[in-house]
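Turn these sequences into a full structure, and let the hints guide you.
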Amino acid sequence: MTGPTLAALLVQFAPLAACAVVLLGLRRRARAAAGVAIAGAVISFAASVWLVAAVAVPDRSLLAQTVFLPVDAAHALAFGVLLDPLSTAMALVVATITLAVMVYSTGYMRGDPGFARYYGFLALFAWAMQGLVLSANLLQTLVFWELVGLASFLLIGFWFDRPAAVAAARKAFLMTRVGDVGFLLGVLLLIRALGLATIPDVIAAAGAGGGLTPRFVTVTAALLLMGVIGKSAQGPLFTWLPDAMEGPTPVSALLHSATMVAAGVYLVARLHPFFLAAPVVMHALLYLTLATALAAATMAMVASDIKRVLAYSTISQLGYMLMGLAVGSTAAGFFHLTTHAGFKALLFLSAGIFIHHAHSNEMREINARGALGQRAGAIGLVAGGAALAGLIPFSGYFSKEAILGALGAAAGRWVVALAYLGAGLTAYYSARMVFLTLVPDDRTAVGTRAPAHGEAVAKVPGAAAGERAMDVTVLVLAALTLVLGYLGPWFGARLAPGERVHGPFEFGLGQLAALALVAAGIGLAWYEFGRRGAARIGFAERVPAVAAFFRDNWYVDRLYRATVIRWATALSRAAHWNDERIVNGATDGLANGTVGGGRLLALVQNGYVQAYLAVVVTLIAVLAAVLSRVGGVR
Amino acid sequence: MSGVPLLTLLLACPILGLVGVLVTPARFPGAIKRIAAVSGLAAVGVVAVLWAKFDPGRPGYQFLELRSWVPAFGISWHNGVDGLNLPLLALTSIVYLTGVLVTWELRERVKEFFAFMMLLVVGVFGVFMTLDLFFFVFYYEVAVLPMYLLIAIWGSTRKEYGAMKLTLYLLVGTALVVPAALALYWGAGLGSFDLTRLAAAHYPRNFQLVVYPFLFVGFGILAGIWPLHTWSPVGHVAAPTAVSMLHAGVLMKLGAYGILRVAMPLLPEGAHYWATATAVLATVNIVYGAFVALAQTDLKFVIGYSSVSHMGIVLLGLSTLTEAGINGAVFQMFSHGIMTALFFASVGYIYDRLHTRDIGRLGGLSRSMPVASAFFIIAALTGAGVPGFSSFWAELLVFLGTLKTFPVLAVIVVAALTVTLAYSIRVIVLAFFGEPREARPHVADMGAFDSLPRAILVAFLLLFGFAPRLILDIIEPATRSLVRVLS
Chain W
-17 MTGPTLAALL VQFAPLAACA VVLLGLRRRA RAAAGVAIAG AVISFAASVW LVAAVAVPDR
43 SLLAQTVFLP VDAAHALAFG VLLDPLSTAM ALVVATITLA VMVYSTGYMR GDPGFARYYG
103 FLALFAWAMQ GLVLSANLLQ TLVFWELVGL ASFLLIGFWF DRPAAVAAAR KAFLMTRVGD
163 VGFLLGVLLL IRALGLATIP DVIAAAGAGG GLTPRFVTVT AALLLMGVIG KSAQGPLFTW
223 LPDAMEGPTP VSALLHSATM VAAGVYLVAR LHPFFLAAPV VMHALLYLTL ATALAAATMA
283 MVASDIKRVL AYSTISQLGY MLMGLAVGST AAGFFHLTTH AGFKALLFLS AGIFIHHAHS
343 NEMREINARG ALGQRAGAIG LVAGGAALAG LIPFSGYFSK EAILGALGAA AGRWVVALAY
403 LGAGLTAYYS ARMVFLTLVP DDRTAVGTRA PAHGEAVAKV PGAAAGERAM DVTVLVLAAL
463 TLVLGYLGPW FGARLAPGER VHGPFEFGLG QLAALALVAA GIGLAWYEFG RRGAARIGFA
523 ERVPAVAAFF RDNWYVDRLY RATVIRWATA LSRAAHWNDE RIVNGATDGL ANGTVGGGRL
583 LALVQNGYVQ AYLAVVVTLI AVLAAVLSRV GGVR
Chain Y
1021 MSGVPLLTLL LACPILGLVG VLVTPARFPG AIKRIAAVSG LAAVGVVAVL WAKFDPGRPG
1081 YQFLELRSWV PAFGISWHNG VDGLNLPLLA LTSIVYLTGV LVTWELRERV KEFFAFMMLL
1141 VVGVFGVFMT LDLFFFVFYY EVAVLPMYLL IAIWGSTRKE YGAMKLTLYL LVGTALVVPA
1201 ALALYWGAGL GSFDLTRLAA AHYPRNFQLV VYPFLFVGFG ILAGIWPLHT WSPVGHVAAP
1261 TAVSMLHAGV LMKLGAYGIL RVAMPLLPEG AHYWATATAV LATVNIVYGA FVALAQTDLK
1321 FVIGYSSVSH MGIVLLGLST LTEAGINGAV FQMFSHGIMT ALFFASVGYI YDRLHTRDIG
1381 RLGGLSRSMP VASAFFIIAA LTGAGVPGFS SFWAELLVFL GTLKTFPVLA VIVVAALTVT
1441 LAYSIRVIVL AFFGEPREAR PHVADMGAFD SLPRAILVAF LLLFGFAPRL ILDIIEPATR
1501 SLVRVLS
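Chains as they are written, first to last, in my numbering: chain W, -17 to 616; chain Y, 1021 to 1507.
It should be emphasised that the hints constitute simulated quantities derived from the structure, not laboratory data. A couple of the hints might just be wrong.
[As the list claims (entries may be wrong)] Non-contacting residues of chain Y with respect to chain W, defined by C-beta distances greater than 12 Å in every case (computed):
#, residue
1, L1029
2, G1040
3, F1093
4, E1161
5, T1216
6, G1467
[What the hints assert, rightly or not] Heads up, incomplete: computed chain W residues facing chain Y, CB under 10 Å, no partners named:
#, residue
7, F50
8, D54
9, V125
10, S554
11, A556
12, A557
13, T569
We treat Cβ as the ideally placed atom computed from N, Cα and C, and that holds for glycine.
Take a look at the structure:
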């Protein structure tokens, strides 16, 4: 086994080992549990750093696999690790964010009765995501894909006695499973057609002269994309993500940045040549994700809960990543995934500091309770907000530019225009969030305390060390927003060798237009929320019908409740009734009929000689009467 | 091979246990339980030796035992193991041992309970190891009849009704199987009940087409085939914990095994002719069972209908007549057996303490009994096809096989996975998460001794979930030769 392979195994199995130790042995020992889980994350992080140095920097590609699942005499599926710049860079992103979240959680989750379980689940999450990232086989990807879903279910529903958290966990699991049906069918089709699902072979088979017909590739790509749409909360399957913030805030940070939702985007990047062999599907994906990005931006414009704003922004930004991939730029899509992972984790963790302090998710409430007092949180929110808005020189600017550039080169005029509009909206809602949370509002008094989502219950003395851990994590991630943006050319050279990649500070018409739109968005937000004496009501919030429509997820959930959920419930009730009354009823009826028939016949055998005699006499009399009537007796 | 007749020895474990229990006076329930545990442990040990010594590379049966018994009718004591029944023998021994352990607190008529349970296990072991059609049918009856008493005496919820329904249905199955078995005997004209010899006989096509449905439906009843499945949830609900474990975990597999061991290899043309029909029935099982499970309010009924749904996957795998499908079906038999035993073992613990299984009255169990809840949740996740647990691979192989033979059914069945997840998550969320819906006494969580049998079951789910090759390498060669017969 070579060094990189060993390191790749370490990246995955250190968290798994930590998970097993924590869940089996340390459920009652909180500190030890956190220690073991963080140790696992540190090992995983170190190994992934080494992997990047050994594989991504020299731009190598390795595949190591072993037979895992015999299917039939001719075929067996091999599982293993696929190491190249894409997978190792992603592994490092995952390991970094996981480690940050784990360190941060020592403060945020301090004193929670389920502290050890929390760390066990986090380690499970890390294992599943790293397994997905490094997997060499699409079926293996599917396995970890499902495990990522399981870990999300467990973590979103971590506070399992809160009904809202449980409902959110259930929704996330079920809704992503709907997409996974397509993913599973796609993988099964590939295995049926090729007898294998090793990723490089699948990609090769889709290429020219690779053996798969274009129609087959189109169908399979569409099926696989169903899984992506579910996991990355796009199109009709987005509504699970805003609810998922019911989990602990650090979990949201993990879920929204490097794991779970990133899995979908990563899969498209991983199989990018395969997907590009199905241009129809990529076209559809472009329009779907553009619509999602804009729709989610409108929802973020009116939300008043800080985590909801962030959740909608995630959906919107995932849309941008997938748009970049849909027009064929692996580098742009993955670049944005990386920077977004950094600043979105930062934003959630900063929000967590405020929530921890103010015991509320409402931005106005947080503000009223003195948000500026939380210095690290404020720094994090401003840096993260600037990155999200696409303000130069924060990381988000560079990656969004890369995506808009790719769109400008390959997509139609209207698509590009709408994508720029979306960038403006992003700047608007990001700035709105920052102003609403941080700029003191002297006109309003302290409102009633709204219950916080994803807020840890217990306050324990001696939490200072924990709060320091939270602050340090946020500051480190804030510093990263100033660094990650310069990785673009590096990604470009490795992920898309032929592609023309802009240098970080080249200013063409596109860049200037984008910056102007960002400035306009921020300016509008300043006018409405930031300036002294501002009304603090957004333009979209002034029209109640529009605001309600945006706030209520464009009524998509209502639609599901009125249709799919209702029909499924009715169908299951009908099946239940049918089973009890018709299927089982028929046999019960048969049995009762048999017993009843027996009872009736038993009446005849009652043992009274008089009765027998009476029957005999009656029958003879009837017989005689009948016979005399027909004339048998003369 | 060494001279020790391992299979007879395996059968001797429950038989000697039965004798031991019968000679022990009823006033020593502790001794009786220990005898049962030792017998279970011995069975697991013998199976472990079988598993270790089994050579997957060798074609045909291993550990063969052949003694003529009634030469006049061609009945012989003929036992053997291949990749199809070795996993099922292992399953039986595991469920037997864990079933004894979860029944440790039984107080009512301990002696009789364990005597009947062992008799049941004798029958099951017998069916899984014999290669003689006469003994096959004989053991089949031995396995079915103690069930009535076990449910009617020690059961709960409508126990007489459930026991009677179960017995009648299974007797209908027998009524179909016995004439078919006799037809196989006479039709071959060999004067032998030996399955290996009957498999070599070529029955005329029309004969196969007529006899196959008798066997498929007759055995299928025991596997819970739609629409003859309603005995199974009712029986599960009525049965005491260990019996539910054996019933759903092992007994339902007898039916599928009968199809696999008798119907398919002896009547390959019949299997081909009826494949589409049986695959459609199996699909109905899967989808319909999942929808009915979604509407249940009793924990045990949910599991009962999940079994109907999951056994549909076994029947579907068999109906594909492909290697992948049959591999998956055999794997699923094993995996479902362990999973459903874990289900009933967990529910049994909860019901014994809270005296209710009504989902509407539970809630928040994960708070008050985290360990007991974790076991149930693991079983539910396994049932929902979460990878990491063995069922995932089994179902995957069945889907692969189905996609080859019946693509449309494959799409339906894969889509039905959402319903499977929906009912599993519904139960977890309503019964184990949230707040308790009504006041209930404080009950102790599961201790180490109660956890042990459940942990054993979880360990097997994880073992084969992480390393499916451990079992597939054993199943696969046997399936390959079966598929060769079928084509």
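Q. What hints, given by number in increasing order, does this structure fail?
A. none
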